[in-house]
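Turn these sequences into a full structure, and let the hints guide you.
Order-wise, the sequence lines are chains A and B.
With the working numbering, letter number 54 in the first sequence gets 82, and the count goes up by one each step, no holes.
With the working numbering, letter number 4 in the second sequence gets -16, and the count goes up by one each step, no holes.
These aren't lab readings, by the way, just hints derived from the structure by calculation.
Hints should not be assumed to be uniformly reliable.
[Stated by the list, open to error] Which residues of chain B face chain A? A few of them, derived with a C-beta cut under 8 Å, are:
{"hint": "1", "residue": "Ser80"}
{"hint": "2", "residue": "Cys94"}
{"hint": "3", "residue": "Leu110"}
[Unchecked claim] Non-contacting residues of chain B with respect to chain A, defined by C-beta distances greater than 12 Å in every case (computed):
{"hint": "4", "residue": "His61"}
{"hint": "5", "residue": "Lys69"}
{"hint": "6", "residue": "Gly123"}
{"hint": "7", "residue": "Ala129"}
{"hint": "8", "residue": "Arg206"}
{"hint": "9", "residue": "Phe209"}
{"hint": "10", "residue": "Thr234"}
[What the hints assert, rightly or not] FRET-style restraints, in silico, Cβ to Cβ:
{"hint": "11", "chain 1": "B", "residue 1": "Pro70", "chain 2": "A", "residue 2": "Val49", "range": "57 to 63 Å"}
{"hint": "12", "chain 1": "B", "residue 1": "Arg206", "chain 2": "A", "residue 2": "Ala222", "range": "55 to 61 Å"}
{"hint": "13", "chain 1": "A", "residue 1": "Gly146", "chain 2": "B", "residue 2": "Leu110", "range": "25 to 31 Å"}
Think of the CB as a built atom: it goes at the ideal place given N, C-alpha and C, for glycine as much as any other residue.
So the chains spell out like this:
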Amino acid sequence: MTVALPLRRRERGGASMRRAVLGRWLRLREVQLVLAMAAVVIASAILHPDFLAPGNISFMLADSAVTAILATGQTLVILGKGIDLSVAPILGICAVEVGFPAQNHNLNLALALMLVMGIGIMLGIGNGLLVSWARIPPIITTLATLSVYGGLQFILANGQEVVNIPNAYDTLGNADLLSGVPWVLVIAVGIAVAVALFLRQTNLGRSIYAVGNNADAAHRSGIAVRRIIFTTYVLSGLLAGIAGLIYLCHTGSADSTTGTDSNVELTSIAATLIGGTTLTGGRGGVIGSVLGAIFLSVALTAMVFARIPAIWEPAGVGALILLAMVTDRHSGTLASRARRRGGEVAR
Amino acid sequence: MQGARAASAARAPGGASAPATPVGEPLLQLRAINKSFGSVRALSDITMEVPAGQVTALVGDNGAGKSTLIKAIAGIAPPDHGEIYWKGKPVRIHTPRDASALGIATVFQDLALCDNLDIVQNLYLGRERLRARTLDENTMELGAKQALADLSVVTVRSIRQLVASLSGGQRQAVAVAKAVMGNAELVIMDEPTAALGVTQTAQVLALIKRLAERGIAVLVISHNLRDVFEVADRIAVLYLGRLAGEGPIAEFDTQNTVEMITTGAATPRSAANSAAPSTDDAKDH
Ligand SMILES: Nc1ncnc2c1ncn2[C@@H]1O[C@H](COP(=O)(O)OP(=O)(O)O)[C@@H](O)[C@H]1O
Ligand SMILES: [Mg+2]
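In structure tokens:
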């Protein structure tokens, strides 16, 4: 952002100014995550050189793509002070609904994309209507639709399983753009950048931040609060649908419990929180969430390399969430201290 | 209702006490405004007017109905009965949007600012300037600077600092700047000095005077009579949901105002509750 430097700081110059700039950078979650990731990668590479093999890097990054896309939608919802637990079955329904036609009738990939977007939007509309018009609290609404959509997925899959996908799907899901850079991650990052620009440069994006921080103030400023909240759930549904297609392409499988069985809704929330978006709404952004998703994948793979048994994986995710929260608090204190100092300068 | 009669009675004599402000037409007129919360009658038959370009103070004890009245004008909680006239024409104000479309801006007690956004973002919230369908930050920065400079009372370190980092007086200034930027002709302020220290109170009072100098009418709620007598051209006293008295500041002094606030009746003859509009009574003096 184009933050005008306060006069005092500009005057100071030299070493102390450099320290101030560095301090501000270190408070950014994105920077913290990149540094933490670098530490994990370097430590793992020293202990296990295989960690840096292109195959492993590609694996880790591809593994984070589905989470990153889900977390991008989740971030929009959480910025508006909501939460979307139903992304798991939305992903699952979409994977199943294009998986079978793809397997049995070689469904065109572009058509598949349109299909998952349509389904995702419709299921997102369901959440959006319940939260913004029926005014049911987000956590209750999406807990209910997690169950309802999950049941629907079960019915739609009808006990069958997708085990084979056309080549085009497999290529999209598993080919690398460059060595170590999988296509699916490129797609996830592309989506996140588009959403980040949307958040930063459109009035709708700005409204999401306003609504999440102070819905009353937003309403009194003439913002259609309910429409904004509705929109975040529709976008989350849309992105969960796309994530469903990417999941199908990457894993080549889909069945009645895809998504819910691996708790992708919780992983997407974890990535969002680790990425610096706060559950209280109005603070954060999607780039952090993508980095959070990649960091989760890298950290969990590092655990595997360190021969930590897989049953510890959920505990690892939990520890990372807690670590992120503690860092949040700490940065928060630093920031408010700086603010108080700023207030004195003003007087 | 009795619109025609009240309209003819509503000629403001306020000019004498406010030489700096041109006497305007009555900008806002309320006729027999009623509002109940269950069995609590928060407002009963409020009939009053707010003249253009002047400062009208709305005073009254806790629970007198001051906030309820301005919420009715601001479209936050429309009245049960009664009529509102804006520049002589009957209007309906059901939402904050209706109010701001007319030119009524309200600065609420809680200021209704977003702490996570900076000053520019708050000032343009809900009416962002766009260029090629994206936010035009440069134009908004210039506009924000201008808006704050026009108030020329409070300075801030940077217009890109978060509102969360501002002092009480600065927040109040941002809230007022935001209200005025939409080309408001009437700014309503609910207890703007309640939470402030001496210096910042002085800033806000200066802010109110500055608005009146610029020809903007101000309706200000205050508990502090010293503040009221410092800035107001007119006073309206609410007592248990009815108008106990209204008139130019010259008709009031601290003693009779306090009396009216606490007992609902005082030197300007006690306002009859329903039959005759209380404005007429106040003006007999
Ligand atoms: N939302 C509400 N629900 C129920 N009663 C209310 C509500 N708002 C105000 N009241 C009642 O209306 C009366 C006037 O309140 P208010 O306008 O807030 O007074 P003031 O601002 O003058 O202190 C009080 O008796 C208060 O309890
Ligand atoms: Mg009040």
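Outcome of the hint check:
no.	hint	result
1	Ser80	holds (6 Å)
2	Cys94	holds (5 Å)
3	Leu110	holds (7 Å)
4	His61	holds (24 Å)
5	Lys69	holds (22 Å)
6	Gly123	holds (15 Å)
7	Ala129	holds (15 Å)
8	Arg206	holds (24 Å)
9	Phe209	holds (28 Å)
10	Thr234	holds (32 Å)
11	B/Pro70 / A/Val49: 57 to 63 Å	holds (59 Å)
12	B/Arg206 / A/Ala222: 55 to 61 Å	holds (56 Å)
13	A/Gly146 / B/Leu110: 25 to 31 Å	holds (29 Å)
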